[in-house]
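Trainee: Keeping their order, the protein sequence lines are chains A and B.
For the first sequence, full-length UniProt numbering assigns the number 1 to the initial residue and increments by one for each residue that follows.
For the second sequence, full-length UniProt numbering assigns the number 1 to the initial residue and increments by one for each residue that follows.
Bear in mind the hints are in silico, worked out from the structure with no lab data behind them.
Note that the structure is predicted; figures quoted are calculated from it, not measured.
Just so it is clear, CB atoms sit at the ideal spot from N, CA and C, and this is done for glycine as well.
It is possible that some hints are incorrect.
[Claimed, not checked] Residues on chain B that point at chain A, a partial pick, calculated with CB under 7 Å:
hint	residue
1	F9
2	A16
3	V19
4	S20
5	G27
6	D32
7	P35
8	P36
9	D231
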Amino acid sequence: MRLVTIRRITQGFFLVLMIGSCLVNRVGDRWYELRGWPVSWLLELDPLVGLATVLTTGSLYKGLLWGTLTLALTALLGRFFCGWLCPLGTLQQMVGAWTDKGRRPKARAYGRQSHPGQKIKYLLLTALLTMAGVELVCPLVDLSGQGGWIPPVAVILAGIVLIRTGQKTPWKRSTGWAMAVAGSLCLMLGNLLPGNRLLAAGLQTGILDPIPLVYRSVSLVVLPLISPDGTFVVVTGGLLTGGVFVLVLALSAWRPRFYCRYVCPLGALLGLTVRWSVWRMGRQDKNGDACTGCGRCDHHCEGACDPANEIQWAECVLCYNCRDDCPERIMGYSTRPSTTGENPGPDLSRRAVLTAGATGAILLPLARLGDPLGVGWRPDLVRPPGSLTEEAFLNRCIKCGLCMRVCPTNVIQPTVLEAGIEGLWTPRLDFRLGSSGCQHNCIACGSVCPTAAIRPLALEERMGTASFADKGPVRIGTAFMDRGRCLPWAMGIPCIVCQENCPVSPKAITTRTIMETVAGLDRLIVQQVSSRAVHLNLPFTRSPLAGGDYFLAGPAGPQNALRITGLQAGWIQVAGDPAGAGFRQQTPAAVVVRLQQPYVDPLHCIGCGVCQHECPVRGRAAIRVTSENETRSRAHALLAGTGLPHSKD
Amino acid sequence: MTDLNRREFIHRSVKAGLVSAGALGAGWWLHDTRPPALEPLPQSLPGIPDFSGALVEGPAMAIAKGTDRMDMADRALEALGGIRRFVSPGHRVVIKVNAAFASPPAICATSHPDLVTAVVTACRAAGASDVVVTDNPINDPASCFRLTGIGPAAEAAGGRVVLPTADQFSRVTLSGARLIRDWPVLIGPLADADCLIGLAPLKDHHRSGASMTIKNWYGLLGGRRNVFHQDIHTIITELAALVRPTLVILDAVTAMIHNGPTGGSISDLTRTNTLVAGVDQLAVDAMGAELLGRDLSQLPHLRQSADAGLGVLDYHTLNPVAVP
Ligand code: SF4
Ligand code: SF4
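Build out the structure end to end from the sequences listed, making use of the hints.
Mentor: In structure tokens form, the structure reads like this:
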């Protein structure tokens with residue numbers, strides 16, 4: 001079998017694996033639904049996920065160890081991941097191959113030649129990794145340690161001396177400059193350090209990392225659109241999520257594997273890794289004279305790496321098309337470098353890399369000027385149960401969408417701007433959407449999160465039972481009554497759907513019963529009294545009056561009112577004897593309603609939002625959950641003695 | 001393969017092997033199968049220093065009458081045995097004023113600058129090496145110290161204002177407490193002080209009934225301390241246990257009897273022409289309650305503090321020295 005065919009089969013396998021992983025990532029009892037399938041295996045194979053989270057958290061979580069295998073093999077073999085595994089690469093390759101069919105060979109070859117723009121992806125990678133790792137320099141510029149500012153100042157002075165004395169010795173001058181600049185930087189950063197917010201790290205690789213991108217697109221856009229199991233899944237921000245996906249594919253119609261070549265930070269990382277790889281692609285004619293110069297090897301090159309000339313090895317995705325296309329059979333994969341020469345790595349200028357790094361380093365501090373993780377936290381941002389504190393959460397979430405897809409009630413939605421720009425595509429609970437609130441006995445989201453941004457919870461921990469009884473259940477927020485919108489509170493209409501649906505025991509919603517005069521029905525005068533009915537001065541109808549919640553109050557007051565049982569020809573029928581209850585001709589009467597007005601008990605509310613979802617005031621519910629009192633952050637504690645303050649408060 | 005090629009191949013393979021092994025090794029080394037820890041518990045101190053001990057014997061309480069706070073303070077201190085009973089040469093003194101609001105002295109919502117002048121001057125005269133005046137106000141700290149006149153008065157008399165910057169706070173857990181647990185307390189100036197003096201105006205307080213010398217310690221709390229209003233009497237009782245001052249002075253020359261604790265109008269004030277100084281903050285507050293016309297049932301925190309053994313409620317038993 002041709003190598004290219006094997007490669008295609010492998011690509012197909014991993015594409016199906018990825019789609020399958022997204023498809024089965026559902027809780028339920030249909031045959032394909034989640035039963036411990038390793039749905040995040042491909043994400044774990046992605047070394048950028050591992051590397052970036054190592055930078056932000058200092059550790060490599062669980063399955064992310066797989067990524068090191070990818071890196072290790074790439075260092076020996078080349079970018080096999082891009083050409084053989086990556087589903088986004090495969091999809092782009094399919095689009096590119098299809099559009100290329102309509103092109104003349106010359107145009108085709110043109111579109112597959114290397115382009116200086118291919119360096120952009122390395123700069124994007126630099127910016128993203130700087131963003132992730134910038135806090136690591138903190139210990140290096142800490143001036144509060146021994147010696148304080150003296151060492152950097154000494155370095156600066158020594159540098160100046162070198163510059164002054166080394167007029168004719170270039171190495172002295174440049175060393176002097178380097179010392180002066182490095183010393184000044186340390187001094188500047190160190191002086192700014194305590195309390196300054198310049199060094200803020202965060203994980204943003206997930207925006208561009210192709211594996212999270214493709215998981216997210218398939219889980220949140222493709223599968224909901226084609227709805228393979230016939231369920232209607234609501235997803236917010238679909239145009240943005242899907243638009244990026246469509247754009248990636250559309251651009252590959254213009255230039256094959258556009259994303260891989262110009263944007264993909266994972267490709268860039270792997271491109272840097274292959275520099276010394278043992279095996280490489282290239283022309284393998286021993287004497288360098290077997291090539292007829294037909295140039296066919298360039299025509300289907302996926303990586304745009306110029307195999308006909310000096311091969312750009314960092315760009316090669318091991319598609320083997322050149323090997324397949326060469327009529328002389330001299331292109332090949334071997335331990336020898338190409339006889340036409342090779343360029344092992346991207347030619348990046350130091351200036352460009354530094355600029356990219358600096359740009360990345362300053363973006364998060366800008367995003368955090370409003371202190372969204374401290375006093376500026378967003379109460380509407382309710383995170384899934386088990387989520388870490390917001391800062392730790394953002395240091396881990398790779399925006400893959402697994403938790404959103406797996407949520408059985410579909411209440412977990414991707415954010416667009418609800419968590420700030422840096423929180424784009426992270427999970428939030430939208431109680432208005434979804435089929436119900438957050439099920440208090442469900443732990444699906446944490447169990448699929450590949451980075452533990454949502455910690456895996458045991459059911460007992462979630463519900464606060466067994467050994468977790470003293471800690472109590474995990475709270476994701478607190479429900480607040482909006483008395484201006486609640487039917488019993490604002491409109492005198494019985495309801496308490498919220499109380500009925502509150503799943504915790506004892507219920508976090510209690511009620512107080514009151515008898516309230518129905519608005520507009522308090523100017524009534526008794527005209528006539530019979531044994532079981534009263535005739536009033538004003539004719540009126542109201543459909544639920546006889547439903548059991550309404551009473552007719554006479555001189556004995558609302559507490560002794562008689563239940564209304566019917567309305568007939570101007571007579572109000574009541575349960576009991578009206579005369580015995582003091583009803584006489586010309587005495588005033590009133591219609592009162594027995595109301596149960598709901599209250600939330602913040603000690604028991606877990607913020608599941610079932611009440612909000614069920615509230616019949618549907619547009620903006622009369623009871624709404626915000627993240628106050630969420631377990632994950634002591635700073636958001638609501639009750640005295642239950643939480644701790646936040647240092648930023 | 002030529003020698004050159006072979007050499008290059010080996011060279012490259014070694015490097016590739018190093019990268020490969022490096023990735024695997026680093027991965028193995030950094031690998032962590034445990035889920036991340038929850039929000040880590042901060043370290044906290046077991047309390048703050050006790051400033052009440054080792055006092056020379058002497059009167060426990062003095063009640064001065066008059067209208068000139070400086071003079072009254074001097075006389076009250078004299079009646080207690082003189083400032084030297086509390087402050088020795090070289091002592092570092094911290095004066096916790098009430099600078100809660102950025103309002104002028106005439107409103108009497110904050111410690112009066114005259115009283116600050118008198119006490120700082122007395123401490124200086126007794127040889128104190130450092131007199132710190134501090135508080136964690138509700139309004140903007142710098143504005144509070146300036147507009148209340150406390151800052152200028154303290155500095156003119158030789159004191160030093162310490163504003164509540166983040167580095168002045170440490171977390172404290174008071175043993176047995178329900179509320180003061182891992183809570184930031186303005187401990188910076190207290191950490192190496194020898195003497196703590198509380199200066200509080202006597203004020204009405206709609207939530208707790210009255211704001212006097214114990215309630216004044218609320219101003220040492222940081223963080224989102226407003227959650228404690230859910231359980232105001234407990235927090236005041238816990239403050240009485242947390243803070244054991246050398247001396248407290250309650251200024252009731254013009255007490256705020258309505259609309260506390262901010263007031264805002266002269267008509268909220270009434271003249272009682274009294275200034276109480278004492279070493280037992282509970283006794284001083286009990287007298288303050290009387291001046292404010294509140295009985296003990298309206299101020300549960302006083303009874304709770306007494307039950308917790310934090311002072312004497314019936315201040316008469318302390319034989320207060322009256323300074324007419
Ligand atoms: S369900 Fe909504 S309207 Fe009904 S009682 Fe509860 S909050 Fe009010
Ligand atoms: S959010 Fe709170 S009050 Fe509402 S249903 Fe859930 S536990 Fe009950």
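Trainee: The structure should be examined with respect to each hint, and the outcome stated for every one.
Mentor: Taking the hints in turn, this is what the structure says about them:
At a threshold of 7 Å, the smallest CB-CB gap from F9 (chain B) to chain A is about 6 Å, leaving the interface hint in force. For A16 (chain B), the shortest C-beta to C-beta distance to chain A is roughly 4 Å, which falls under 7 Å, so the interface hint holds. Satisfaction of the interface hint for V19 (chain B) is found here, the shortest Cβ-Cβ separation to chain A being roughly 4 Å, below the 7 Å cut-off. This hint holds: S20 (chain B) has a C-beta 4 Å from the nearest C-beta of chain A, less than the 7 Å allowed.
Annotation: G27 (chain B) was flagged as interfacial toward chain A, and the flag holds, the nearest CB pair being 3 Å apart, inside 7 Å. With its C-beta approaching chain A no nearer than about 4 Å, D32 (chain B) sits inside the 7 Å limit, and its interface hint holds. Below 7 Å, beta-carbon pairs count as interface contacts, and P35 (chain B) has one with chain A at about 5 Å; its hint therefore holds. Taking 7 Å as the C-beta contact cut-off toward chain A, the hint placing P36 (chain B) at the interface holds, the least distance being around 6 Å.
Hint status for D231 (chain B): holds, given a least beta-carbon distance of 5 Å to chain A, under 7 Å.
Every hint, counting from the list given before, is met by this structure.
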